[in-house]
Structure formats: structure tokens, C-alpha cells
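Protein chains in written order, with the numbering used here: chain A, 1 to 251; chain B, 1 to 351.
Hints listed in this document are in silico derivations from the structure and should not be mistaken for laboratory results. Just so it is clear, the structure is predicted and the values come from calculations on it, not from any experiment. Check before you lean on any hint, since a few could be wrong.
[To be verified] With the C-beta cut set under 8 Å, the calculated list includes, among others, these residues of chain B facing chain A:
id	residue
1	Val130
2	Ile133
3	Ser134
4	Phe135
Even for Gly, the Cβ is constructed at its ideal location relative to N, Cα and C.
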Amino acid sequence: MNTSTDQMETPSTAEKSVDYGELIRNGLWSNNPALVQLLGLCPLLAVSGSVVNALGLALATLLVLVGSNTCVSLIRNHVSDAVRLPVFVMIIAAFTTCTEMLMKAFTYELYQILGIFIPLIVTNCAILGRADAFASKHKLIPSVVDGLMMGTGFGAVLITIGAVRELLGHGTLLANMDLLFGEQAGNWTVVLLNDYSGFLVAILPPGAFLVVGFLIAAKNLVDQKLKEKREKNKIKSVKGSRRVRTTGTIS
Amino acid sequence: MALMRISSPHATGPNRTTQVMLTVCLATLPGLMALVWHFGPGPLINVLLASIFALALEALALKLRKRPIGFYLRDGSALVTGILLGLALPPYVPWWLIFVGVFFAIVIAKHLYGGLGYNPFNPAMVGYVVLLISFPLPMTQWVLPAELTQQTPTLIETLLGLAQGTQGLPDGITGATPLDAFRQNTGELVLDVYAQSPVLAAGQWAGAGFEWVNLGFLLGGALLLQQRIFTWHAPVGMLATLLLLSALFYDGGSSNSAGSPWLHLLSGGTMLGAFFIVTDPVTSTTSTKGRLIFGAGVGLLVFCIRTWGNYPDAVAFAVLLMNFAAPFIDYYTTPRTYGHTKPRKATEKSE
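For reference, chain B alone in the conformation it holds in the complex:
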């Protein structure tokens, strides 16, 4: 199966790669601010460190590949990868963890495949998944939001944390995330889970802190939509599928319940994934119908892995699995070409 080429006419606009990437960087700000507000300076340090590593490793990879360094660094794609990975990582992880993640994202997932535009998998998610399956302990320890602990780690504690992880932080500052709380639920009603888990009890809809972070990313995503950086199809496909499935399996709050739709929409990496990961122009599908299918597939996988899988959150796995499927979806969702009444079928023999 040959990969599909997108035929002309190509609309050109003022959105150059650099501008798109920088807008995406700006749009992560509401989410980042919510993270810092609830979890202390850790997320900010994560993002800064990941961006620096990303730019440095990108420069190194370009130098080894004998490509113009300045030209490719200026397109901002490495910066976006670094920022997204930094946002996805739990706060207060040791610095070498960030480095390993960024190394896998930039060098292995991006440059070994040929650089920007050639990578079949989303680099930030590859880095995240490698870290998650390699270092499950530090990758699943989230600090509790500030509402619960009445304190966030200070800057000095954060810098100490970079050397030794959450061990350097005060006791009792880490705890179960909302999705963890549901993952560990053994036969209790949803209301009881909410009452027992401090992070869920303190929240409005889906756990203190995490819901505001997700709303922040939703705001950033809305900004990007308004700027026409991407179309609405993939995020809406993903969120609608997730909403539908979680409403179907909510089960009225019984002990078998998979959690309310609010919980699924506003916890974990749902909004970050929906607006910043599945909309990646390189690794997702190209046609509008294809994007809807791609987003719906991500939503379906996220719900299945969260509910019946071994990991509490699933956005990264779901995105990587759908990245595999993206060329296949493209193949079967060929759009109607200008001047033709019907789209060509993928199974049609070429003349």
C-alpha cells in the first residue's frame, strides 16, 4: 500500500511553520498557569528543562545529520515537543528522567525517522510512553494539588527534587490522582469513591486541581481553533466519543461504574491530548472525515484503556496506536477531488 499523496490545489496561507508552532506554544499558557497555580513551580521547571533539552538535542541531531541547524531550530517544532512533554510529565521528576524522555522524543522518534514531517509517531508521546513503561514509579507519583496540602513545594525544594525526585519533597505531598482513585476502586459506589478520595472530594467535577488544568488546556485549544491552527474535527471526534462512552458506561454511579463523563473529560491528559496531541498535522490524518475517525479512535482507546487497562491514563497509548492507523485511515477516506462528483475509492485500481 503506497502512502497517499495529497493532490493540488494546495491552499497557502500566512500560517508558516514557525508561526503555527509559536502560537501553539502560547496556547499552552493557560494550562501551564493552572498547573503552576495548583502544583507549585514543578511543572514550570519541567517545561523549561524539557524545552532546553529539546532544543539542544535537536541541534545535536541536526549537526550529526549535517542539516542547517539555525533554520530547523527556528521552526519551533522541537520547542513544541519539549513543552508538550514537559506538560505531560508529573511535576518534580528527576532531571535525568526528563532528559531520557526528550532524547527518545527528539532523537529516536523524530530524527531517526527523518526529522519534522517524516515522523510517523507523535514525538512527545513516544517520549512519554518510553518513560511510563521504563520508570513506572516516578512517572505515576503526582503531588496533590495545593487545595489539599495547603502548601506547594518551594522553588528550592523543586530544584532539590530535580536531583532526587519526590523523595526530596515534604512527606504526604504526593497522592492518588482522580483517575488513580477510580483505578483502585474495588466495588464501591461512585459516591463513596468521591467521599473517600481527598482529591475527588475537594473538586467540583473531576478532582481538585486537575479539572482546572484541563479547563486551561481547553481554553488554549479554543484559542488555537479560533486562530485556525487546526480544524475542529479531531478534537471534537475524540471528546464526543469519550463523552458518549463514559455516559453509556456511567452505570448510574454503581460499583461497576467507569466514572462520570465529567471525570473522563476533565482529568488526566484528556484536554491536552485532544487539542495539542491529536491535532498534530504530521502524525494524524489529512482529510476531514479521516480526522473525525482518527479522533474517535483516540477517544475510544482512551476510554477502553482507562477503564479496562492496567494504566490509569491512556492518552499517550491511544495516540500512538492511532498514529499507526493514520495512513490506513487516509487511504480509505480519500476526499472528493475538485471537478469530480464522487471521491475515488481506495480499492479502485489505478488507471
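The following block holds chain A by itself, in its conformation from the complex:
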């Protein structure tokens, strides 16, 4: 465990120091909201049909998550435990509404495609979970970093699923990016498979479950390999007492 302390923290606070490396690792990999906590699956599965949808929702969620973590962290010492959850939900709802208005103003077509799933960010448990589990117990900067990392981790999984489903379903990548990045992005489409008849099940809801399942399996596989590697590299310490053994192999 890294023991570097939070530089921004004044020594007088009683709150424990925060390890930013750990925060980043947790958000992106070891406690990823989508792959490990399995939170916010509803939008994750529903709108990850293409990269542009996934990216749109990922950015919206990131914005709300960072905003709500910031506010919750700021007011954490002034809200009593009894009304804590309603207050958090109000804050999240306010940020979601802001995001919704922003999307309406700048990416109207994408807003229409994502539809109900933008307002539904309010009910994304990943956001409320971070507000309650992290932001309400930590200072401002760690909370912002946590929100940023959790949002990025969620978004990365969302975009990966979107890419896989778009590739399997349509044989393209980055289609319709002009919905998010304006006119000049219209020709970003990469056609990877020409004359492809489309594997519709990838676009349909079962495809989302299958892709998430395979991503979780891949993550577990990587973790297992890393663990095996670490075990192999670790110098084996001789355990036990130094008594003389008369039978068996000497360890």
C-alpha cells in the first residue's frame, strides 16, 4: 500500500489521508462501477448500441458524477444523516437537469436518441453510491478525483460495449459522430467490414448482456493472470519454525 499523504490536506483535519493512486486504480479498474460493482446497468445496457450513443451517455454521466460529488463533499458537514439521501438525490437531479438542458441545446439529435436515459441518470446507482460512500466522507479534492475516475471508468466500459456492439451489429465504428462533434465529424465513420449483413442480436438487448458478460470475464481473466505473475515474482519467504524435520521434504 502506498502511504503518500494528501498534500492539500491540512494537518488539523481528522479525516484520514487519501491515496490518489488508489482512487485512480479503483475507479478505472479494481472497483470499476460497471464491471465490478455492476451499478448503473440499466443505461449501460440500454444505450450502448453504438459508440456515439455510449460516448454521449458517458459524458453526461461523468458530468453529473463530478458535479454531485463536488456538491455533496462541500455540504457533507452540514447535512444530518436523516435527510442525507433525499438531499443527495436532489443534488443529482439538479445536475441531471442541467446536463439535459445542455444536451438539448448543443446535441439535440443525440438528446432525442438517448431519450429517457438522460433523465434516468438520476436513478443511476453508481452516482448515488459514490455520493454516499465516498463524497459524503471525504474532502473536496479527493471527491472530485473520485467522481472523475469513477465516471471515466464507467464511460470507458460504456464506450467499449458500444464499440463492440456497433462493430458486430453494423460492421462500422464511430458512425454518426457528427451528432456529438458537429459537421466535420460526419466522416469519421470507419467501415471495418464491407458488405456485412449485420449481426442484429448484438444491437438488441441480449447483445448488451452478452458483451458485458464477456467483458467481466475478460477482466477476471486479466486479474487472475496478474495475480499468478505476482505470486511467481514474489520471493518465497521461508515460513515456520526452524525445528529440524526428520520426515518429508524440507521447506
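For this one, chain A is given, so just place chain B on it according to the hints.
What follows is chain B alone, placed relative to chain A:
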């Protein structure tokens, strides 16, 4: 809700898995022969290709899972899955379609869940449904039976068809199946539908070709029943429900009619489903009462989806939906254990 364990005494018989599976393979022969007779060599190629893919993918999956390959290949379950999927697919589909279907059946539906005996869903039907919702166009194009076209595709045309689907076949060789004809019926009397649709007009009871295929599977199923490979409960439950519902909703042949009982019993995948799919020992229920309920549920769903749903045939969807329900049915149909007068209730607290 914990899954129910079936308690002793377990009767053991000479029916080992391999023997059961090979008998099932043999019993599909009458149906397969009827298919080849009416639709040309396409169904045979489907079955062969699907079996080869199934065995190869089973071997690959076993190798990846570090299981003994020869031992599990010899039980014949992968072969049965391949044959059943090959029989269910329309003839003259491209080869990659068969491969995708078998991949989903063997690797996703069977081995990702733990292999033979652990799969909650019938692998062949999972493969079929994935193909049906992913590639609706090639999956709903059936060639017309030989009585109507006066020709069946030759072997060379069949092999060409493997590369490019029905586009490689002569024109006018595909057409509506009997269930399609009823699906597209818009306000006509049943007699008019029969007169207008060539496939229904040329048939005796339920459309040329398709009725004989279904009778072939019925014969194979009867053979399996006689061999005591499965009990009669599930197939009879399914067919009786389908018969009852279609008789109820036949409506005297009006424009609202859902088709005659003959049409429902002898077209589409009814008989293949009744004798080869709902009798799957792994994914169906275990008690006799449970099997009756399971079969009746499949029959009910088949009729509802055929009549009011979007797809012309429904056996695969119905079987998958009932597979979901199978553990639940088992839970509530606990049989009476030996030495007790009454069966235990599922709601009873365990002591």
C-alpha cells in the same frame, strides 16, 4: 429458492447417455428423409454441416475448459444439438449462418453454463433464436416443396447456396410456408387462404411437404417413446394444449380464424419440438406432473405467439420461455416420496 434435488431411489437402466443420444439421432431419420424428399439435398447438408461444426466446437470448448475431449465427445450430446439445429434451420442457408448458430448453441448456451447437464436453456433452440432475431431474412426464406416447383435444387446448386444463400438458387423456388400464409392473411376466409396459397392448396391437411415432415418426426417420436427414451407426458401435454386451443379458436373457418388444428399440429416445428425439444432431460422439468405442465405451457405459448405474435413459428421461443419456468415448476410439483402418503409442499418450511 434453492434448486430442487431429486432424492433417491434412483432407478438405473441400460440407457446410458451415449445410447440415448444415438437413439435420438436415429429417430430423426424419418423426418430428415421427408425433408430431403420434399426440399432437396439442402436439409441433409444443413444437418451434416451443423453436426461437424457442433463436434468441432464442442472439442474446442472442452479443450479450453481442460476437460477430457474424447470422453465428452463420445456422449453424443453435441451431435444431437447439431442435428436438431440443422433440422430446424431452413434449407439452403449460407454456411456462416449455420456456424454462428452452432457457436451460440454449443459455446454460449452449453459450455459457458458448465456443459452437458448444467445448461438451463436448450442449446439448439438458443442457436435457432439467435439466428432468427439476428438474420430474419435468410431465416424465414423456405424453398417450396418439390410438388410445387417440379424441381429440387441439385447438389451443386446446394453447395453454391452454402456460399451465398438462396440467391444462388433458381428463381421462384422460395415461397411462403403454411404458417407464413396464415400470418399474412388479412381478412379472408380460411377456405380462400387455402385456395390462394399454393403451398396450402397442394397439401392434404396442412401444406404440401411440411405435413409429411411433421409426420416423419411424429414417427421418430413414437419410436423414441416405444424405446422409453422419454415419457409421454411432455409431448402429449404440448400437443393436446395446441389441439385444444386451435380447435377453440378455429372459429369455423372465418376470417378471424387462427387456422385449423391440423395446420397447427402438422406445420412449422410442432412435431420436431414436441418429441425432440421439449423432451430434453436437462432443460425440462423432472416430475411427471411437472412435465405435463411444462408441455402444456409450451403448447399454449406456441399457439399464442403463432396467432398473435410477430413471428410465424414459435416453438423455439416457447421452449426457451418454458425453460425459464422449469425450475419453478419443479419446485411446486414435488412428487410424493416413497413411504409418505402425501407429497411435501414447496411452501413448507424445511425441518
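Structure-based check of each hint:
Because the smallest distance between the Cβ of B/Val130 and any Cβ of chain A comes to about 5 Å, under 8 Å, the interface hint for this residue holds. Interface restraint check: B/Ile133 against chain A, minimum CB-CB distance 6 Å, threshold 8 Å, status holds. With a cut of 8 Å, the hint placing B/Ser134 at the interface with chain A holds, because the nearest CB-to-CB distance is about 4 Å. Residue-level restraint check for B/Phe135 holds (minimum Cβ-Cβ distance to chain A is 7 Å; threshold 8 Å).
Hint compliance for this structure: every hint is met.
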